[in-house]
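Protein chains: 2
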Amino acid sequence: MTQPAGARQNAVRAKAHLARRAARVLAGASSERKDAALAAMADALDAHMPDILAANAADLVNAEHGDLSSAVLDRLRLTEHRITDMANAVRELIRLPDPVGQVVRGSTLPNGLRVRQVRVPLGVVGIVYEARPNVTADAAALCLKSGNAALLRGSASAYQTNRVLVDLLSAAVASTGLPAEALLLLDAHRSTVAELLTARGLVDVVIPRGGAGLIEHVVNTASVPVIETGVGNCHVYVDEAADLPMAEAIVVNAKTSRPSVCNAAETLLVHRQIADRFIPRVVTALQAAGVAVHGDPDVVRLADDVAPARDADWATEYLSLDMAVRVVDSLPEAIEHIARWGTGHTEAIVSDSASAIAKFVAGVDAAAVMVNASTRFTDGGEFGFGAEIGISTQKLHARGPLGLPELTTTTYVVTGTGQVR
Amino acid sequence: MTQPAGARQNAVRAKAHLARRAARVLAGASSERKDAALAAMADALDAHMPDILAANAADLVNAEHGDLSSAVLDRLRLTEHRITDMANAVRELIRLPDPVGQVVRGSTLPNGLRVRQVRVPLGVVGIVYEARPNVTADAAALCLKSGNAALLRGSASAYQTNRVLVDLLSAAVASTGLPAEALLLLDAHRSTVAELLTARGLVDVVIPRGGAGLIEHVVNTASVPVIETGVGNCHVYVDEAADLPMAEAIVVNAKTSRPSVCNAAETLLVHRQIADRFIPRVVTALQAAGVAVHGDPDVVRLADDVAPARDADWATEYLSLDMAVRVVDSLPEAIEHIARWGTGHTEAIVSDSASAIAKFVAGVDAAAVMVNASTRFTDGGEFGFGAEIGISTQKLHARGPLGLPELTTTTYVVTGTGQVR
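Residue numbers (this note's numbering), protein chains in the order written: chain A, 1 to 421; chain B, 1 to 421.
Just chain A, same shape as in the assembly (with noise of 0.2 Å):
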């Protein structure tokens, strides 16, 4: 890292050049291949338990010294048990279908072509992303199973951890008889996330996973194509025919069975209706469940140890035990304040009238819409989509968790006897 800018820059086309003859070899591998692979992968994260955390032990003594939030920390902290999970996490993949080769449409034109729509890799995937040392393995192990090259940039904070497991996981895929150079780590100069993002032609997309700050950055500096994924300002809103239990119970677990990802509700949106009834037992409820609790002037009014919301309150994803709330004069205003505030994640609606269901349905623009349940089932391995890269909050090319097929693109491929035009 005391390299000058000039090296760092070639150090990371290089990278890139040796991802992209990787990703050729990988476009071509069998599925059994990949899979042998992903079990080596596995197996190696099994078998090097100690020297990962002697890794991570490292990084955390640096971390400790730096100003990172104890939530960051614990994303950064590996244990036997988290390795335990990223290594069966890996193998879980064995069992997906491979998309590579898959022909997604196919058809005979008159004149006597033959059109195949045909799933192939995507190529040198970049992936940019904060502390947590398990999506090295996680992304690792889904750009091989869909035939991609990865290069991934993790956090300074996490770079003696990410080595390890770089060099443990690409010498189990070269083990295998696949390049070793399918997956690369850039090191975590700051000028390496630049040097990816503009690396065109050579990186063929990036998909950043991290918080808003770093989204951001990213959309804003790249010029090679990006998915966004993550940020999520999810909405309930409690119809005015709204099962009450129902709804009380979906709002504590959308806000609080793990409110630091991206698929818990950060608002809730309650129909003025129904607001003497159900604000102060919804506002109970999550005070006991340990949710601080910023309503507007009539949950203030309607509740106890409620702080005035501000608009901050309404654009911020807390990812924490807070939870803001307001009162709506009806299902269009509640509409109009997901529009005003939400990031295009999950928004929910708890309604027992199928009209107010079909105008949330057609009117909020998101991801996902959930009707009647937990804003937190959007995952794909809930979906049954099986590990996932991130979900993606863009419209272009995937929307919702970005699983297997969401990393491939398309070829057609048209075979003839001779026709021209």
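One copy or two, either will do: identical chains are not told apart, so a pair holds if it fits within one copy or between any two.
When the alpha-carbon atoms are kept at most 20 Å apart in a straight line, the in silico SDA-like pairs for lysine to any residue are as follows:
no., residue 1, residue 2
1, K359, A339
2, K359, A241
3, K359, R340
4, K359, S330
These are computed hints drawn from the structure, not numbers from a lab.
With the hints as your guide, set chain B onto chain A.
Below, chain B alone, put in the same frame as chain A:
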């Protein structure tokens, strides 16, 4: 066009806001209503032919005072015949299926949640294009059928034509009860492109239609998502196992049937094993069709009147009656040449060898691969998709001809009975 820059920027954002509001109405419009609007648009083109031709004549007078090439003037020029073609292209969309509301996949999870992935419009689609006014009607109609609002930014040279077209098309849309703001024309000042490209949160995607310079500018400027289209440095590789008369017919057709379009071939690669027999005849046939041949030293030696090719020839999308020709030692050398110089649009192989075909298909990285057929078939109409808004040469979202489904995204609608995690 004499407003200060700040006012213009506000004008772009103000139009984007109007487009967003229109998009919300269009997203919920029935197929019947959208098809009625398309019929009204086509009828309006027929009915207002004199107005359109008068505006176009004014644009042409201005353009002839400028330094536009005769090719650009030809693209700008409308005739009664061309307007009839525009109207018929709009009518053809009526019989195509509406992609909005299509269920891409659906399942019931073990916990009883019903998951449906449903096609929904992108929202606001920006189109940046060059002189051809037919793009105005095409893009407006494709966006309308797919439930999107269109923000059109045509070239200054076609502004008066586009102004008349947008006014009459938007009045036609309004006459059927859908919002007139379903299509909006941005003024042709230079700055409006950048303002469109950075209108994050207001514009869902921008599709540039034009030459390499325009595409490169758009990709480097945009912070909104972009679908790259159109640049086609397409190759025909004639293998040692080719049927030579078939190869000759395909090469001549791919080069000469319409040299100005992106799916025309630009470079011919010939296997050394058949070069002595094939080069003289194909060069003669190309020259008889008016093509200037630029060849490597082998081609210069084997045929008459061949100009020596330089690296610029391999890199160039001529879009004219010019063709670069090179002898390669092997199929892998052909694949290497294409990897170095191609733009990922369409690559063709002529061969009777199944193994050579398989290697070529697996080895080239392009939106379309033609086997024993002309490159000219990469086309939404030829593929049976109906009209296209362009041919994507990028890997994300859509690759190849962009039809109606490619102008949509999806949303996951998850319906439960109170499920929590």
